[in-house]
Amino acid sequence: MDGGLTPYHNPSFILFVMTTLRAYKICWPTGVDNLTIVSIGTGSYRSTLLHPQLRFMAPARLAFHSLMSLMHDTQSDALMLMQWLGESLTPWPINREVGTLADEIMPGGGCSNSCATTSGSRWIGSRRTLINRYSTRQIAKLREMADPANIALAHEIGRQAARRPVKPEHFGL
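Offset between the sequence shown (1-based) and the working numbering: plus 3.
Read the hints as simulated data drawn from the structure, not as lab findings. There could be a bad hint or two in this list.
Claimed, not checked - Quick list of the computed label-pair ranges, beta carbon to beta carbon:
| hint | residue 1 | residue 2 | range |
| --- | --- | --- | --- |
| 1 | VAL35 | ARG58 | 20 to 30 Å |
| 2 | PRO62 | GLU100 | 24 to 34 Å |
| 3 | ARG58 | MET21 | 19 to 29 Å |
| 4 | SER138 | TYR27 | 14 to 24 Å |
| 5 | LEU57 | VAL20 | 18 to 28 Å |
| 6 | PRO62 | LEU24 | 24 to 34 Å |
| 7 | VAL35 | HIS158 | 45 to 55 Å |
| 8 | LYS28 | ALA155 | 20 to 30 Å |
| 9 | ARG140 | TYR27 | 22 to 32 Å |
| 10 | LYS170 | TRP87 | 16 to 26 Å |
| 11 | LEU65 | GLN163 | 14 to 24 Å |
| 12 | LEU53 | ASN98 | 37 to 47 Å |
| 13 | HIS54 | GLY175 | 47 to 57 Å |
Ideal placement from N, C-alpha and C gives every residue a C-beta, glycine not left out.
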């Protein structure tokens, strides 16, 4: 399920809901021994909008920026809910206030294992990872998701990123 095609941006939570609620007739059992959810995203980037950038078409720019902020917020909410509802094997920071929720377990225990729920641009931007391999311009260009010229670099970064949080032992291998 591609989050970019939904209002959720990170579809892991809605997928959890769809597979566990009786209304959807899938009814997978919950619990860390029954359900594992793996969510590997394309990353996130939160842009800033400065007053001088508003000039011409300010209302349209504000509306677009508001929509992008809403998508970022729903992505963060999904990450927070999945870490709170489950027992994340590879927790990622949600924001500076909440942190990773690594020590938080919902009352009554977790509903699922969740691993590799990532925020790729934080990982890419980290000094100890890929930042030294790629220029700021290359990383900024990757935000243009519809540009086919980005496929090879995005694939390579994705391969490298998946090696870090996703491990065979997460799947009992």
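Status of each hint after checking the structure:
Under the hint 20 to 30 Å, the C-beta atoms of VAL35 and ARG58, about 52 Å apart, miss the expected range. At about 30 Å, the CB distance of PRO62 to GLU100 agrees with the hint of 24 to 34 Å. The beta-carbon spacing between ARG58 and MET21, approximately 43 Å, falls outside the hinted interval of 19 to 29 Å. For SER138 paired with TYR27, a C-beta distance near 45 Å fails the hint of 14 to 24 Å.
Hint check: LEU57 to VAL20, Cβ distance near 38 Å, so the stated range 18 to 28 Å is violated. Between PRO62 and LEU24 the C-beta distance comes to about 39 Å, which lies outside the given range of 24 to 34 Å. Under the hint 45 to 55 Å, the C-beta atoms of VAL35 and HIS158, about 32 Å apart, miss the expected range. About 41 Å separates the C-beta atoms of LYS28 and ALA155, a value inconsistent with the hinted range of 20 to 30 Å.
For ARG140 and TYR27, the hinted distance range of 22 to 32 Å is not satisfied, since their beta carbons lie about 44 Å from each other. Distance hint check for LYS170 and TRP87: the Cβ-Cβ separation is about 22 Å, which falls inside the suggested range of 16 to 26 Å. At roughly 37 Å, the beta-carbon separation of LEU65 and GLN163 lies outside the given 14 to 24 Å, and the hint is violated. Take LEU53 and ASN98: their Cβ atoms lie about 21 Å apart, and the range 37 to 47 Å is violated.
As the Cβ distance of HIS54 to GLY175 is approximately 53 Å, the hint placing it in 47 to 57 Å holds.
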